[in-house]
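Asks: Given next are the chains, with one letter for each unit.
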Amino acid sequence: MTVPGWDLQLLNLFAALLLLLSFAMLSQRRIVSLVNLLALQGAVLCAATLLLAWRTGQGHLYLSAALTLGLKVVGLPWLLHRLIRRLEVYWETEPLINAAGTMMVGLLIVIFSFGLAQPIAELASTTTRSALGIAVSVILLAFLMMITRRKALSQVIGFLSMENGLFFGAMSATYGMPMVVELGVALDVLVAMLVLGVFFFQIREQFDSLDLHHLESLRER
Amino acid sequence: MELVLLLAIPLTGALLLAVVGGRRRAPELNVVLSAGTFVAAGALTARVIAEGSLLRGREQFYIDPFNVFLIALTAFVGLTTALFSRPYMRVEMDHGRITAGRLRLYHSMYQLFMATMLVALTTNNMGLLWVAMEAATLSTVLLVTLYRTPASLEAGWKYFILCGVGIALALFGTILLYFAAEKVLGAEGVTALLWTHLDAVKGQLEPTVLELAFVFLLVGYGTKVGLAPLHNWLPDAHAEGPTPISAVLSGLLLNVAIYAVVRCKVLVEGSLQSSFPSQMLMGFGVVSVVMAAFLLWRQRDIKRLFAYSSIEHMGIITFAFGMGGAVASFAALLHMTVHSLTKSAIFFVVGHAAQKAGSQLMDDIRGLITTSPTIGWGLMAGTLAILGVPPFGVFASEFLILTTAMREQPWATPILLVSLGVAFAAIFGRVQPMVFGETNVRRLPHPPALLPVFAHLAIVLLFGVYVPPYLADWYRAAAGLVGGP
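So the sequence lines, in the order shown, correspond to chains E and L. Under the working numbering, residues 1 to 221 are what the first sequence spells out, in order. Under the working numbering, residues 1 to 485 are what the second sequence spells out, in order.
Simulated from the structure, these hints should not be mistaken for lab results. Do not take every clue at face value.
[Unchecked claim] Listed next, with one range per pair, are the computed distances between beta-carbon atoms:
1. L:204 to E:62: 48 to 58 Å
2. L:279 to E:32: 30 to 40 Å
3. E:202 to L:440: 31 to 41 Å
4. L:148 to E:111: 37 to 47 Å
5. E:100 to L:15: 49 to 59 Å
6. E:30 to L:425: 47 to 57 Å
7. L:148 to E:100: 53 to 63 Å
8. L:148 to E:62: 24 to 34 Å
9. L:300 to E:30: 38 to 48 Å
The beta carbon of each residue, even a glycine, is placed where N, CA and C say it ideally should be.
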């Protein structure tokens, strides 16, 4: 079951690419590019899954790679691009924290994630030690992105990037979850996107914008 | 068979109502479907009582005394809420707040929501539990925004994002759980996420991994429970959606989320052999109770008021499960039941009261008792019940929890007592002028359905004075499953 030499390195490369893409998304303000980065992240994830499937001979990983390809590389980005065109939201407004500050926080998050994943990674016999740390980093970086962005669409892209991180975590720690669960998760994500699509139109109809500062009137009084 | 019916009726109902849910007779169809679900739940309960725990569908579904009581409760409140929603939604249509198309969405999603909760309760697979919890969020997001007001859109967005992120953390927790389980149970089979298998080997699961997994699971599902400080979505979602949805969110979904947390706690506690999970639960519980009690004072909207009261009660239940042991777990289960019944009854009355006054603001609702004594008394009785006035059942469960806390966790008792007192003063002071005094409310075009209200309150009253022995045995069996010795 151990993954020898070069493919291990290739997997590490994919993991590093995922992290890099997360940082790229963190600083990207053009929403169309954000969607493309998300699709790219999905593609890297798909490649990593395929590599793992091939090396370990686990049949169900091929299925989940196909699922990733269909949903995260093609389906959702297509849906998001359509939404962007229909809603005509192209640029994120100035983020709540400036880019340099976000990057600094991002770096701290990565260090924290590796610390968090350390005790677990030591138990993992499956893949590289760094993979799990990277998965946690991707999740938390997506979290950071959701916190700092104002546009509803960027928050959703952050949400999907978080999903990518979760998926990579599941894969690197355990060769993926059982198929029935993975299908269920994929279905949920898909439905979530459809619900959001409807939702965006409702927001827009009401406020004529997708900027979330309209949605700040309910407070804990 | 019962299980198949239990899940199939609401699922097909959702599809059916997606087509005909806007028709004139759709509310009746909704009631019939909910009644069917309730009958199936009753049959399933009878079977579990007679034959003990059941494993079905290649071990994917597992029914034991713990979840079967929640299934029965969920189906019952689902039925009474459907009864209530029949005249309520008609009035909303007459007042022009919703159209036939939205009524169709409402009915369809109502059944789907019931189905997802029942799947979450019956499944044996921790992964499916997650999927069903997420689906429960998704099916209600569009219901929270049903009125399309700015505030409801904001509430819906908050609900979606906060619960979505929360539940994503729970997924990571589930992944970690699977990671630990796979080492013991093997990756080849799909058994490594099945609760029954995990429960059997919980002593061998790697403690460091489970500790971390539990933190993620608790924060994730805790967001859905509405534990402070993760509760922000809850008052908004309750206040802005249609009232039947507030009733099922508060009365049922929060219970299902607690159920998920408790299932995880049982596993983690078995692995860690330490009090870490208990302390986490107690901590979150106490913080929620205190925070909710003090925020109650600042509410002006009646549905928000009772939403904060739900946070308070969820805190009490979480605290009681955290204490563990037979008595506290028994009390927590009892409290889940009586809270669910009382709070949904209150929302039913509040819904009609708000319709009569044309506003949810408490200052605008006055003197309910003069025009409609049943609504007025219903609100008063419900409020007294939820505040833990004897002889209602909430008193019995809170009394058990507090006396156990005095013995086991003395530090928490004064904090809880003060918070309960503060909450009492806040809620009672607000409700009293709404019920008595000069009136300003109008008549409704359809007679309100108050039978569910008084049925719920009668059961709660019964539980306060006398828990039937077979029910007590059932609670004890469930408490034994979750609370340890």
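Asks: For every hint, state whether the structure bears it out.
Replies: Hints, verified against the model:
Checked against the hint of 48 to 58 Å, the C-beta distance between residue 204 (chain L) and residue 62 (chain E) comes to roughly 31 Å, which is inconsistent with it. Taking 30 to 40 Å as the suggested C-beta distance range, the pair residue 279 (chain L) and residue 32 (chain E) does not conform, at roughly 48 Å. At about 33 Å, the beta-carbon gap between residue 202 (chain E) and residue 440 (chain L) stays in the expected band of 31 to 41 Å. Checked against the hint of 37 to 47 Å, the pair residue 148 (chain L) and residue 111 (chain E) passes, with Cβ atoms roughly 45 Å apart.
Restraint check, residue 100 (chain E) to residue 15 (chain L): a C-beta distance of roughly 52 Å satisfies the suggested window 49 to 59 Å. The hint said 47 to 57 Å for the Cβ distance between residue 30 (chain E) and residue 425 (chain L), and at roughly 54 Å that hint holds. For the pair residue 148 (chain L) and residue 100 (chain E), the supplied restraint of 53 to 63 Å is violated, since their beta-carbon distance comes to about 40 Å. Under the hint 24 to 34 Å, the C-beta atoms of residue 148 (chain L) and residue 62 (chain E), about 44 Å apart, miss the expected range.
Separation of residue 300 (chain L) from residue 30 (chain E) is about 42 Å and conforms to the stated range, judged on CB atoms against 38 to 48 Å.
Of the numbered hints listed earlier, those contradicted by the structure are 1, 2, 7 and 8.
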